[in-house]
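J.: Please construct the entire structure, taking both the sequences and the accompanying hints into account.
Add 6 to a position in the sequence shown, counting from 1, and you land on the number used in the numbering used here.
The hints are simulated quantities; they were obtained by calculation from the structure and are not laboratory data. Ideal Cβ placement from N, Cα and C applies to all residues, glycine included. Please note that a few of the clues may not be correct.
[Unchecked claim] Label-pair restraints from in silico Cβ distances:
#, residue 1, residue 2, range
1, Leu134, Gly33, 19 to 29 Å
2, Leu83, Val110, 27 to 37 Å
3, Ala39, Leu85, 39 to 49 Å
4, Val129, Pro84, 38 to 48 Å
5, Arg144, Asp23, 14 to 24 Å
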Amino acid sequence: MNKPRTAAALAAVLAVDGAIHLYWATGATWPAADSASLSRAVLNADVPFTPPVLVPLAAVLAAGAATLLARGGLLRLPLPPAAARWGTRAIAAGLSLRAVAGLVWLTGLGAAPASTFYLLNAVVYTPLCLAAATAAWRLAR
Numbered sequence: 007m008n009k010p011r012t013a014a015a016l017a018a019v020l021a022v023d024g025a026i027h028l029y030w031a032t033g034a035t036w037p038a039a040d041s042a043s044l045s046r047a048v049l050n051a052d053v054p055f056t057p058p059v060l061v062p063l064a065a066v067l068a069a070g071a072a073t074l075l076a077r078g079g080l081l082r083l084p085l086p087p088a089a090a091r092w093g094t095r096a097i098a099a100g101l102s103l104r105a106v107a108g109l110v111w112l113t114g115l116g117a118a119p120a121s122t123f124y125l126l127n128a129v130v131y132t133p134l135c136l137a138a139a140t141a142a143w144r145l146a147r
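T.: What follows is the structure in structure tokens.
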């Protein structure tokens, strides 16, 4: 495994996700028609897509990206080296939990097979989380 390349790729995924959250914080709802449709497509629930919800999520994603870059040796943070290792483990655990939830939703439990969320979960969310979790666990070693 090329540690810097893996760290950069994972950090890019988190950074793009964070940028999308900031985009939605402006009130934009693309690719959905409105915020209710967006919430159901992304989260399978009705959750407000407002700045107080989205900006902290974007900040957490940015911190995660920085942690991954530090773990890959691409960024120096004013923290002990163990912090990047444990932070990477936390990211890997979070991605693993989301991947497992996605697999459960693929059974139809908690997600209607005819919904947009179900399709996006099957084609985008769960495969991405499975791949990213695997890479993050390798990086955390």
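J.: Now look at each hint and say whether the structure bears it out.
T.: Outcome of the hint check:
1. Leu134 / Gly33: 19 to 29 Å: holds (26 Å)
2. Leu83 / Val110: 27 to 37 Å: holds (35 Å)
3. Ala39 / Leu85: 39 to 49 Å: Distance hint for Ala39, Leu85 holds at roughly 43 Å.
4. Val129 / Pro84: 38 to 48 Å: holds (40 Å)
5. Arg144 / Asp23: 14 to 24 Å: Check passed, 20 Å falls within 14 to 24 Å.
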